[in-house]
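Respectively, the protein sequence lines represent chains A and B.
Start counting at 1 in the first sequence, then tack on 54, and there's your number in the numbering used here.
Start counting at 1 in the second sequence, then tack on 54, and there's your number in the numbering used here.
Keep in mind the hints are simulated off the structure, nothing from the lab.
Keep in mind the model is a prediction, meaning the values are calculated, not measured.
It cannot be assumed that every hint is accurate.
Identical chains blur together in the list; that is why a pair holds if it fits in one copy or across any two.
[Unchecked claim] Straight-line Cα separation of at most 20 Å, SDA-like style, residue types lysine to any residue; simulated pairs: (1) K123 x D94; (2) K123 x T89; (3) K123 x W172; (4) K123 x R101; (5) K123 x G140; (6) K123 x P84; (7) K123 x Q106; (8) K123 x D68; (9) K123 x E151; (10) K123 x R58; (11) K123 x R155; (12) K123 x L163.
There are 2 protein chains.
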Amino acid sequence: MEPRIHVITLGVADLERALAFYRELGLESPGVIGTQYTGDEATPSGRAVMFQLRDGLTLALYGREDLAKDANVPVSPPTTGHFSIGHLVGSRADVDEVLRRAEAAGATLTDEPHERAWGIYSGYFRDLDGHLWEIIWNLRA
Amino acid sequence: MEPRIHVITLGVADLERALAFYRELGLESPGVIGTQYTGDEATPSGRAVMFQLRDGLTLALYGREDLAKDANVPVSPPTTGHFSIGHLVGSRADVDEVLRRAEAAGATLTDEPHERAWGIYSGYFRDLDGHLWEIIWNLRA
Numbered sequence: 055m056e057p058r059i060h061v062i063t064l065g066v067a068d069l070e071r072a073l074a075f076y077r078e079l080g081l082e083s084p085g086v087i088g089t090q091y092t093g094d095e096a097t098p099s100g101r102a103v104m105f106q107l108r109d110g111l112t113l114a115l116y117g118r119e120d121l122a123k124d125a126n127v128p129v130s131p132p133t134t135g136h137f138s139i140g141h142l143v144g145s146r147a148d149v150d151e152v153l154r155r156a157e158a159a160g161a162t163l164t165d166e167p168h169e170r171a172w173g174i175y176s177g178y179f180r181d182l183d184g185h186l187w188e189i190i191w192n193l194r195a
Numbered sequence: 055m056e057p058r059i060h061v062i063t064l065g066v067a068d069l070e071r072a073l074a075f076y077r078e079l080g081l082e083s084p085g086v087i088g089t090q091y092t093g094d095e096a097t098p099s100g101r102a103v104m105f106q107l108r109d110g111l112t113l114a115l116y117g118r119e120d121l122a123k124d125a126n127v128p129v130s131p132p133t134t135g136h137f138s139i140g141h142l143v144g145s146r147a148d149v150d151e152v153l154r155r156a157e158a159a160g161a162t163l164t165d166e167p168h169e170r171a172w173g174i175y176s177g178y179f180r181d182l183d184g185h186l187w188e189i190i191w192n193l194r195a
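Given only the sequences and the hints, what does the whole structure look like? Please build it.
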């Protein structure tokens with residue numbers, strides 16, 4: 055397997071709500087696509103949101119039930135802590151600012167941001183569907 | 055927030071086992087780092103594995119309990135279907151080959167790979183901790 059990841063897809067309860075949240079955070083997307091693929095009981099719909107990030111990476115939002123159908127796995131309730139997305143910023147103040155902005159958009163901060171022993175200052179938020187983001191300033195960078 | 059993601063961290067039950075699995079898939083890592091940060095009941099350890107991917111992205115493995123402590127969220131049991139990682143390859147045969155290799159390394163295929171209405175041929179595997187990977191060939195590329 056080539057050492058590349060092209061897409062990170064987050065399962066969400068409400069595509070429009072999640073789209074609005076990530077737009078509030080500053081990410082840009084043309085909006086919901088794939089609406090022509092309506093799906094049915096067994097087939098997932100194609101309704102999804104794509105945020106084109108830098109360096110060829112795409113952050114996708116996809117309905118939780120559609121993702122479960124597409125992957126042929128049971129739908130499981132939203133939970134937190136299985137994985138996290140790390141986002142680096144340039145200063146301590148930037149960490150605080152991104153967290154503040156996420157909270158204003160409806161995210162939940164899990165803790166006050168603080169320094170970690172391995173040389174970072176960071177804080178986590180949970181997005182509207184429980185997905186964890188860690189906003190990080192590397193003290194050694 | 056800048057449109058960048060720098061790290062994807064997967065919570066795992068057993069760091070060495072997950073490291074061996076992803077090495078089997080062809081990813082390279084110096085191994086477990088951060089062992090000097092031992093942690094305690096309240097503080098996460100720093101033990102982690104980093105795979106440096108292309109374009110500045112890092113795939114990290116971190117103990118599930120450490121991730122929960124670090125993010126200050128409850129530990130939740132492994133589940134599948136909250137998110138997926140998408141990995142593009144260059145042909146239908148490459149999809150089959152990566153899935154076969156993942157299965158040989160201990161992953162579970164959730165279904166036979168197949169064409170999806172939106173113009174891709176893909177299949178999913180669950181890694182040893184339930185994290186979903188979709189291996190994708192874009193028929194239109």
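Legend entry - Index of numbered hints that the structure contradicts, given in increasing order: 6, 7, 9, 10 and 11
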